[in-house]
Amino acid sequence: MVKQPTKLPAEGFDATQHESAAAVDESMSPEAFTADIDSGEKEFFGLFAKLAPILVSTVLPIIKKRVLNRRTLRRVGSVVGSVSSLAGKLLSESDELTESDDEVEAELEAAAEQMEVIIGTDDRIRIKNTTAIPWRRICQLTIRARNGAQHVGTGFMIGKRTVITAGHCVYIHSAGGWPAHIDVSPGRNAAVYPFGTVRAIQYRSVAGWVNSKSRNHDYGAIILPANTPGNVQSLGGFGFGYWPDNLLNQRMVNLSGYPGDCGKSGPDRATGSQWWMARRIKSVSSRFFSYDIDTVGGQSGSPVWTVINGQRIALGIHTNGFVGGNSATRITKPVFDNLKSWRQQGS
Amino acid sequence: MTASDAVPNTSRDGTVVGRVLLNGRAVPEATVMIVEGHTSHPDLAALTDDHGGFVLGGLDAGWYNLEARLGDRVARRSVELAAGEHVTVTFTL
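As you go down the protein sequences, you meet chains H and C in turn.
The numbering used here applies: residue 1 is where the first sequence begins, and numbers increase by one.
The numbering used here applies: residue 1 is where the second sequence begins, and numbers increase by one.
Any given hint could be a false lead.
[To be verified] Chain C stretches covered by chain H per the calculated footprint, using a threshold of three residues with CB under 8 Å from any CB of chain H:
#	region
1	27-37
2	55-69
3	76-89
Derived by calculation from the structure, the hints in this document are not laboratory data.
Beta carbons are placed, not taken as given, at the ideal position from N, Cα and C, and that holds for glycine.
Start from the sequences, fold in the hints, and give me the full structure.
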């Protein structure tokens, strides 16, 4: 048995902290966008290529229209919503373009970057090429609790050996606390485990979850062992950021994970398959936000992310289901700081 | 602090325990999960053990739709939990 840290990050919930959390710096932290990207790869065009066969019939006409109609492209900013700074950046980049093929391609990239926004009204989609970015960074978790019970959840990599997930995946109050072990399978695709499975026995969470079981602090991390194979350590990681309320409200976000119901009915349904969906955030509070993305048991710990300049930035960690709106633990400044620390511990 | 910030001070001590059976025999490695809950709940699924047993804990009082699944075999049940209540459910696939 590996002894977990006895001194948990001092992030326990109390009313005072709740107030201060609500007063998190309203400005966008440059650090949130630049310091916490583990991979410098431009992900979105790869994503476009992978999803195109599935989505081309619905998405391409929209993208084409936007590419060929600069005025429409300008409206992407308003489609994106209230994210004025992003819209401004997008527009300033496209304003520099002329109509040569290369520049049309660049404009297509800009539109593709927003693809996850455009197709957000679709239902869940099975991710079949889970070796592509970002899907390979999403892991199915098989959790062996201290009392012998088994559970399944989801996590996502933010560094070489750091997997972020829900607090209730790494500390299960009703099942003995810290699990005996968690098997982490990055990019599992039904019967195929493209990067194998790594057994982890080191976990992290915060006092607000471990001691107080507060839904407001339901997040944690798995630190993969030092002998984790190189192909797992080189998968790259999601970026993460803490955003003010006005940028979160109505923001289109993505969620992908491993639902216990194996996805929606149809030929794509399979045990251990990864499913993605996107919707707008519908409400924001100081410690979590909610959305109408369909989830079921097994998806706790899934990343809830957006795309900025081709980088995927996790804004929350999916934790709860509810008919009135599923929800994620919001990445606030204290959460952000802990994620950075845990990433360092797994570097 | 807004109204939506207020988190009910609930116990989260409710538990659903049970077994998954097929033709009267225990089914290991079946997945049991909440597919719909009228109370916010952890989206964690359970895997049955060698005896077909499972535990879903950390639940608030409320009404839940549960599903047990092994491949294409599915069974569904609804339960209503009181605060801190332990309910036993048997699924037959």
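Hints, verified against the model:
Here's how the region 27-37 of chain C fares: 7 of its residues keep a CB closer than 8 Å to some CB of chain H, so the rule of at least three is met and the hint holds. Coverage of the region 55-69 of chain C by chain H holds. Counting CB-CB distances below 8 Å, 6 residues qualify, and the rule asks for three or more. Three residues within the 8 Å Cβ limit are the bar, and the region 76-89 of chain C against chain H gives 0, so the coverage statement is violated.
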